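Construct the complete structure from the given sequences, taking the supplied hints into account.
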Amino acid sequence: MSLASHHLWAFLRSGFLTKLAPGGQYQSLAVRMASAAACKRLVGKVAIVTASTDGIGFAIAKRLGSEGAHVVISSRKQDNVDRAIKELKDENLSVTGMVCHVGKAEHRAKLINETVAKHGGIDILVSNAAVNPAFGPMLNTTEEQWDKIFDVNVKSTFLLIKECVPHMVDRKGSSIVIVSSVGGYNPFSLLGCYSISKTTLLGMTRALASECGPMGIRVNCIAPGIIKTRFSEALWSDKSVLDLSLLTATIKRPGESDECAGAVAFLCSDDASYITGENILITGGMHARL
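Residue 92 in numbering that gives the first Met the number 0 sits at position 93 of the sequence shown, and the numbers go up by one each step.
Hints are computed from structural coordinates only; laboratory data are not their basis.
Treat each hint with caution, since some may be false.
Unchecked claim - Okay, the calculated beta carbon distance ranges per label pair:
id	residue 1	residue 2	range
1	Pro213	Arg82	38 to 44 Å
2	Ser188	Gly212	32 to 38 Å
3	Ser272	Lys109	30 to 36 Å
4	Thr249	Leu189	31 to 37 Å
5	Lys88	Glu142	39 to 45 Å
6	Gly119	Arg82	26 to 32 Å
7	Gly135	Arg82	28 to 34 Å
8	Lys117	Ser188	32 to 38 Å
9	His286	Gln77	39 to 45 Å
10	Met137	Lys88	41 to 47 Å
11	His286	Gly119	40 to 46 Å
12	His286	Asn91	39 to 45 Å
13	Gly119	Lys161	19 to 25 Å
14	Lys85	Ser188	34 to 40 Å
To be verified - For lysine-lysine, the following BS3-like pairs were computed, each having C-alpha atoms within a straight-line distance of at most 25 Å:
id	residue 1	residue 2
15	Lys39	Lys171
16	Lys117	Lys103
17	Lys147	Lys161
18	Lys171	Lys109
Please read all numbers here as calculations on a predicted model, not as lab measurements.
All C-beta atoms in this analysis are idealised placements derived from N, C-alpha and C, irrespective of residue type, glycine included.
Quick look at the structure:
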C-alpha cells in the first residue's frame with residue numbers, strides 16, 4: 000500500500016466519512032461508534048472538551064473517550080455534568096467533569112488547574128462553547144447581545160486556548176480543535192452576529208496554528224452544517240426551514256453529532272500529525288466559501 004493510500008485509509012477509519020452497509024444503506028451510528036472504539040488512537044491522552052454535556056460536545060467527548068483518552072467534560076450546570084458523567088461512565092469511559100462557564104476567568108482557571116493537577120497535563124483541547132441570544136434581523140441586535148456573543152464565542156475561546164497552551168507544550172502530539180460553523184462561511188438568515196463570531200474563529204485558527212506550530216501544538220477547526228441538536232433546533236425542526244437550509248447540500252438530511260465527533264477524533268490523532276491551520280466542513284456538501 001502506498002503512503003498516500005495508507006493515509007487515506009486512516010482517514011476513512013477515523014469515521015469522518017459516512018460508511019455504507021451492504022446494500023448501500025447507512026450504518027447505524029451505534030455500529031459506527033463501536034467500530035471507532037476499536038481504533039484506540041488516543042490512549043494515554045488527556046482531553047478537555049467544553050460545553051460537552053449535550054449535542055456535538057457530548058458526542059466529541061464520547062468519541063475521544065472511546066478511543067482511549069481521559070476526557071474532562073464541562074457545562075454551566077452541575078446537573079448536566081453529573082448526568083453526562085454517569086452516561087459516559089456507564090460505557091466504561093474514563094471521564095471527569097466540572098461546572099465551567101468559559102466566560103468566567105475563575106472557572107477556566109479551575110478547569111485547567113484541576114485537570115493538570117489530576118492528570119499531569121493537557122494533550123487535547125476542544126473549544127465548543129457558544130451562545131446565541133440574538134435571533135432576528137442583524138440590525139435589531141442590541142449592544143448587550145453583541146457583546147455576549149463575542150465574549151463567549153470568540154474572546155473566551157481565545158483566552159481558554161491561551162491559558163491551556165503552557166500545559167500542552169511539553170506533551171507529544173498536542174492538538175487544539177475549535178468548533179466553528181458553516182455559518183462562518185455563509186451567514187445564516189436571522190443569525191447574523193452568531194455567524195460573524197464563527198467567521199472570526201476561522202481566522203483565529205489560522206493565526207494560532209502559525210504561532211503554536213513551532214511549540215508542537217496543532218490547531219484546527221471544524222465547521223458543522225445543519226446538525227440535529229437542541230442548540231440548532233430552529234434550523235431543522237420545521238421542514239420548510241430545513242429544506243431551505245439544505246438547498247445547496249448534496250446530502251439531503253441534517254447531520255448527526257457523531258458525524259462531527261469522528262472528524263474531531265481524526266484531527267486529534269497522529270493520523271493528522273501533519274495537518275494544522277485547516278478547517279473541515281461537515282455540511283453534507285453545502286456550498287461554503289469565504
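Check: Taking 19 to 25 Å as the hint, is the beta-carbon distance of Gly119 and Lys161 inside that range?
Finding: Since Gly119 and Lys161 have Cβ atoms about 20 Å apart, the given range 19 to 25 Å holds.
Notebook entry, point to check: Per the hint of 32 to 38 Å, is the separation of the Cβ atoms of Ser188 and Gly212 within bounds?
Noted result: Holds, since Ser188 and Gly212 (Cβ atoms, about 37 Å apart) stay within the stated range.
Next item on the list: Sort out whether Lys171 lies within 25 Å of Lys39, counting only the CA atoms.
Entry: It holds: about 17 Å lies between the C-alpha atoms, which stays within 25 Å.
Next item on the list: Compare the distance between the alpha carbons of Lys117 and Lys103 with 25 Å, and conclude whether the hinted pair is satisfied.
Entry: The given pair, whose Cα atoms are some 22 Å apart, holds under the 25 Å limit.
Item checked: Hint check for Glu142 and Lys88 - Cβ pair distance inside 39 to 45 Å -> Check passed, 43 Å falls within 39 to 45 Å.
Next item on the list: With 34 to 40 Å as the target window, see if Lys85 and Ser188 comply at their CB atoms.
Entry: holds (38 Å)
Notebook entry, point to check: Can the restraint linking Lys171 and Lys109 be considered satisfied, given a maximum Cα separation of 25 Å?
Noted result: With a Cα-Cα distance of about 24 Å, the restraint between Lys171 and Lys109 holds, given a limit of 25 Å.
Notebook entry, point to check: Between Ser272 and Lys109, does the C-beta distance stay in 30 to 36 Å?
Noted result: Cβ of Ser272 to Cβ of Lys109: about 31 Å, so the range 30 to 36 Å holds.
Item checked: Consistency of beta-carbon spacing, Leu189 to Thr249, with hint 31 to 37 Å -> violated (24 Å)
Note to self: Quick check: does the Cβ-Cβ distance between Gly135 and Arg82 fall within 28 to 34 Å?
What the structure shows: The hint (28 to 34 Å, Cβ to Cβ) holds, given that Gly135 and Arg82 are roughly 32 Å apart.
Checklist line | Proposed proximity, Lys161 with Lys147 (alpha carbon, max 25 Å) | finding: holds (20 Å)
Next item on the list: With respect to the beta-carbon atoms only, verify the hint that His286 and Gln77 lie 39 to 45 Å apart.
Entry: holds (41 Å)
Against the hints set out earlier in the document, violations occur for numbers 4, 8.
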